[in-house]
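J.: Chain by chain, the residues run as shown.
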Amino acid sequence: MQEELFISGRNIPKIDPSLEVWHFPISLYLFLGGMAAGIIFFASLFTILGKENKVQTAIKPAMIIVLFALSIGLIALFYDLTHKLYVWRLYTTIRVESPMSWGAWVLLFVTVASFLWVFSYFSELFPKWSIKTGWLKSFERYLINHRKQLAIILLPLSIILGIYTGILLSAFNARPLWNNAILGPLFLVSGLSTGAACIILFSRDHIERKLFSKIDLALIIIELALIAHMLMGMYAGSAVQLEALDILIRGEYTVMFFVFVIILGLIFPALLESIELLGFKVPVVIPALLILIGGLLFRMVMIEAGQLTRYLY
Amino acid sequence: MKYAMVIDTLKCVGCSDCVVACQTENKVPVGYCRDWVTESVNGSYPQLNLELKSERCNQCDNAPCVRCCPTGASHKAEGGIILVTADECIGCGACIASCPYDARFQHPDGYVDKCTFCAHRLKEGQLPACVSVCPTKCMYFGDIEDPTSKVSHLLKSRKYKVLAPEAGTKPNVYYLI
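From first to last, the protein sequence lines are chains D and H. Quick note: to get the working numbering, add 332 to the position in the first sequence (first position is 1). Quick note: to get the working numbering, add 920 to the position in the second sequence (first position is 1).
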């Protein structure tokens, strides 16, 4: 039997014994970016379909939350950079091979378009603060007339924003936990689900809440299927992927992953939403908050545990 | 032309001279290193085998660090050497996360740093610092595309391995076994 007894001698405090370059700010950004993508997706989709009246929260107050989410996310990203003064270098290059590069560009366009979107609803949202400046007023009128076009631009951008966070991680083949192709769709669906939960949380309209509860329920079922797909894929994978799977199913992140992410963050709120849809009274805040917390914890688990997985040679 | 390093694990005694030479030559900040020595004992008692290896950035042909860098700071330079332009690096850490060899670190000044095969010395016709100081002469450096070079000759005549070939990075540091 070939057995490796010990490896020693490598002494790089910032790298060994485990590599961890990304911490909470990155998990927070991935969560906020995903949630923002979800809200933008629903707001623009319903606008394109001409059903703005049915989803008033999604297209107005929730889009303000998007601005906050994107801004806080961007601050978190900036905070995590170690060479901050050179951040502008991101926007002097376009590197198609690097998910981080095109993600940065998409993030820029989404942020600008979301600000324009909210500005087009400025008079409706803040009736007391009327815009007095002439050119701003005509700009607002121009945006109001072009909301549908803005939605047509935002819809694909929101899908790219939602999926890129997963693709970003899956592109790192050095970290076996991340290196699976399902992570992009999984993060997208999770982002849509947290976006829907956020809309439910802020909606005062019973019909809108019910609509998004149904959407969220469907998304949670898809998300659970994708998580099962990811775990089965790793179970059928190479030695390094089996080791990565161990961290999730019988390692230090098992409780966090199964209890907090899967049971409390997905299955339990899905049950509550089903009960509510059947006509029983459930405080709408509970499932919505659980989904949001579960979404954040899911990204934390994936970021932290992913960095513990590596090739051992 | 493609630079490669060939290291004879049967000759290496694990003295870490290469590590110190690199730290001195490249002014590597205290607590960090661009190269390091690993010891591993393999086998079952009493048939044990001690292997010592001097490791560093593998200057991969299919380099994930170059691929994932959002600003182009990590790039392939002459001879296939991968370099980081400090003024273009934003310190996002993507290249660190993408390296299966964990060969990169964040320099205290913010940018990401790693072994350069001593590119500045190569320009002057000198060998990398680690190779030039090795007391057992277990390290060889040269053009792997030149069939008459010492490194090509060694790889033709001896058994060798590369680290984590399954990661698909096509490394250019070879270990004679």
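If you're looking for bench data, these hints aren't it; they were derived computationally from the structure. Just to be clear, a hint being listed does not mean it is correct.
[Claimed, not checked] Computed footprint of chain D on chain H; a stretch qualifies when at least three of its residues, placed anywhere within it, have a C-beta under 8 Å from a C-beta of chain D:
(1) 941–949
(2) 981–991
[What the hints assert, rightly or not] Sample of chain D residues with no beta-carbon within 10 Å of chain H, all distances over it, derived:
(3) Gly382
(4) Lys383
(5) Met432
(6) Ser462
(7) Ile491
(8) Phe504
(9) Gly565
Note that the Cβ used here is the ideal one computed from N, Cα and C, for glycine as well.
J.: Hints first: check each against the structure and report whether it holds.
T.: Verification of the supplied hints:
{"no.": "1", "hint": "941–949", "verdict": "violated (count 0)"}
{"no.": "2", "hint": "981–991", "verdict": "holds (count 6)"}
{"no.": "3", "hint": "Gly382", "verdict": "holds, 38 Å"}
{"no.": "4", "hint": "Lys383", "verdict": "holds, 38 Å"}
{"no.": "5", "hint": "Met432", "verdict": "violated, 4 Å"}
{"no.": "6", "hint": "Ser462", "verdict": "holds, 41 Å"}
{"no.": "7", "hint": "Ile491", "verdict": "holds, 20 Å"}
{"no.": "8", "hint": "Phe504", "verdict": "violated, 5 Å"}
{"no.": "9", "hint": "Gly565", "verdict": "holds, 17 Å"}
In summary, the numbered hints that this structure violates are 1, 5 and 8.
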